[in-house]
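Mind docking chain B on chain A? Use the hints.
There are 2 protein chains.
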Amino acid sequence: MKRVYMDHASTTPVDPFVLEAMLPYFSEKFGNASSMHSFGVDARRALDESRIRASAAINSNPDEIVFTSGGTESDNLAIKGTAYGNKKRHIITDRIEHKAVLNPCRFLEEKGFKVTYLPVDRYGLVDITEVEKSITKDTFLISVMHANNEIGTIQPIEEIGEIAADKGIIFHTDAVQTAGKLPLNMKKMNVDLLSISSHKLYGPKGVGALYVREGARLEPLIHGGGHEKNLRSGTENIPGIVGFSHALELSVKKMSEDSERLTRLRDRLIKGVLEVDCCRLNGHPKKRLQNNAHFTFPNMKQIDLVSELSRKNIYASAASACSAHSTGASHVLSAIGLTAEEACKSLRLTLGRINNEEDIEYVIEKIQYLTKNGCQITENI
Amino acid sequence: MKRVYMDHASTTPVDPFVLEAMLPYFSEKFGNASSMHSFGVDARRALDESRIRASAAINSNPDEIVFTSGGTESDNLAIKGTAYGNKKRHIITDRIEHKAVLNPCRFLEEKGFKVTYLPVDRYGLVDITEVEKSITKDTFLISVMHANNEIGTIQPIEEIGEIAADKGIIFHTDAVQTAGKLPLNMKKMNVDLLSISSHKLYGPKGVGALYVREGARLEPLIHGGGHEKNLRSGTENIPGIVGFSHALELSVKKMSEDSERLTRLRDRLIKGVLEVDCCRLNGHPKKRLQNNAHFTFPNMKQIDLVSELSRKNIYASAASACSAHSTGASHVLSAIGLTAEEACKSLRLTLGRINNEEDIEYVIEKIQYLTKNGCQITENI
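Going down the list, the sequences are from chains A and B. Heads up, the first sequence is in my numbering, so the first residue is -11 and it goes up one at a time. Heads up, the second sequence is in my numbering, so the first residue is -11 and it goes up one at a time.
Everything labelled a hint here was simulated from the structure, so no lab data went into it. Fair warning: there could be bad hints in the mix.
Copies of one chain are not kept apart here, so a pair can be met inside one copy or by any two copies together.
[Unchecked claim] In silico DSS-like pairs for lysine-lysine, Cα to Cα no more than 27 Å straight-line:
#1 Lys(-10) x Lys121
#2 Lys17 x Lys300
#3 Lys274 x Lys17
#4 Lys76 x Lys102
Next up, chain A with everything else stripped away, as it sits in the complex:
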């Protein structure tokens, strides 16, 4: 039976080429990069090469890359690492950030910091003038994501970064959903700190990076042997780092081809699904990730559409899959004005390299069927 995975914003399969690049580092070239003998030298070389490869993919210097255990750790390091040791106390972020940004901010609020959570418009866009107005003399950090993980809306990062730079404020962006999908150029983007996750771009889980602009001062979260220029201690995960850097490089190489194809597939998907009675598209119609489609079916009877689709071997998401077994309604959908009920009648489909035209038609057909007749659900289709 056909299986259609359309949950690439949650995670992606490791690319076979990436896995092949990783394999020698598990059991053959298994050295600790801190060891002085030849096993250590081989590991160190793989680490250095990975750093060069990753930095080239985002046009940064190699020594501006800090390898971490993933996007969540990168976000935590960016936010808390900037906050600790800073005399100023005010942070600006927005209401639709990933919890890996929001929860560090809430933690810092408990420690006496002040955080402004900017609203977004109905498309999920942060208003640049709101950013500007929120800045006080006490503001040391602005953190606004590059693109949203649920509704795919792309924020005006360069403009926000320009404002931050003008005021001497550190600017962090969570690029977990955009790395490998949108061009990232650290020489041009007005960004001081940028988070990337490997497993969202066909690399292995358990690894990621934080870009740290030269000169940006950070306190480490994980202290120890002084790895990663003392910003992130712990024996380096060489196979993971090798895999991640190859996956990032590959994503950049394939970006233009992938992007064109995915945009076409996504547009067909959106057109087909919007034929469902009353169905609405969430997120910005134009400023959105090429692989994201997010719908609300307000007339649909209360059913678990994700489970129903899963029974048809279509794998989709109802909300951010990075929230482990959380039951509350999505804070993102709430922020763009959906009621809790509407949020529960929503569906995210995120496309990837493995999807093709046939998948799209299959998914449209099943969704139209499941939501047809004024969105009544029949027993079997």
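Using the frame of chain A, we list chain B on its own:
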């Protein structure tokens, strides 16, 4: 040419059986454990099974296992996680802990905590009566490692744990060097928090665990989607966790056989190397890890013995390999009374599953040669 890896305290190769167990989770069963569809369910199942497998290996309950990115993160979570939100301010540890314990303690000192660094005797042993005497009403945490990573000395953990329990003080032990080598029984060991690293026991790098006794209160270091019972957010590294849990299980299964064999090999190694003029064994003669041999050659001319041995394809260590490119003399050797000069004339050999009798004789021969004639070095051997 013969290659002899004797640096297993730095890192170990991934066991082929372990790698095989991991492989399906990279590109086939690649789901996010938080997803509700069948890819997610498969990932969640693998996670749950890994947790049961890991907990069985240390006789804990599954929900007492928190998966982390490795031993350093586990140590940081144990120490800072206990400190944050605690009203008391005093920590007891010792001078020969790994930097993953010492540096979080130093960080906490900067934040206003008070830390007692207990001395050790010339064998590296912590004195239990010193632990007892150091306790004040303000003490909330004792952290003493199970066995030392450089000299292999095994601490009286159960006795220290008993003292801590009597006083209602949280007891953490860094078991990175002992997990898979010494029996760990969480129902008997009087330990509240215990750190394990995967790559020291033939599992993959980038993963580890913190055992957290039911009821022990911790603040997370990494905030986000609420994974790992809200103690460690971030999409779970399923292939890594699967590999780690298999490696831990395997190490426990093979423990008695491995231990007997390694003890025999190590004793032969120590006997052979001690034939070198003036050579001394560091660490405790009896209370030491079965795979650790650590020597000082005080009469040896200043040479880089590790590099010389590496040229003979023998891979050993001069100090803790977890200290990335640090140049200072070992704090461990200094704490047991060695001068900086003696520390620089020291050598650590740590055995593992791949070593055999032939390796031992080869290493003894090369060390005897390199250090012979009153420890003069000849140009070539």
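Do the hints match the structure? See the list:
1. In the homo-oligomer, the alpha carbons of lysine -10 and lysine 121 never lie at most 27 Å apart, since the shortest distance is 52 Å inside one protomer and 69 Å across protomers.
2. In this homomeric assembly, lysine 17 and lysine 300 come within 27 Å of each other (Cα to Cα) only across copies, at 18 Å, whereas the closest approach inside a single copy is 43 Å.
3. In the homo-oligomer, the alpha carbons of lysine 274 and lysine 17 never lie at most 27 Å apart, since the shortest distance is 46 Å inside one protomer and 33 Å across protomers.
4. In this assembly of identical chains, the alpha carbons of lysine 76 and lysine 102 lie at most 27 Å apart whether taken from the same copy (10 Å) or from different copies (26 Å).
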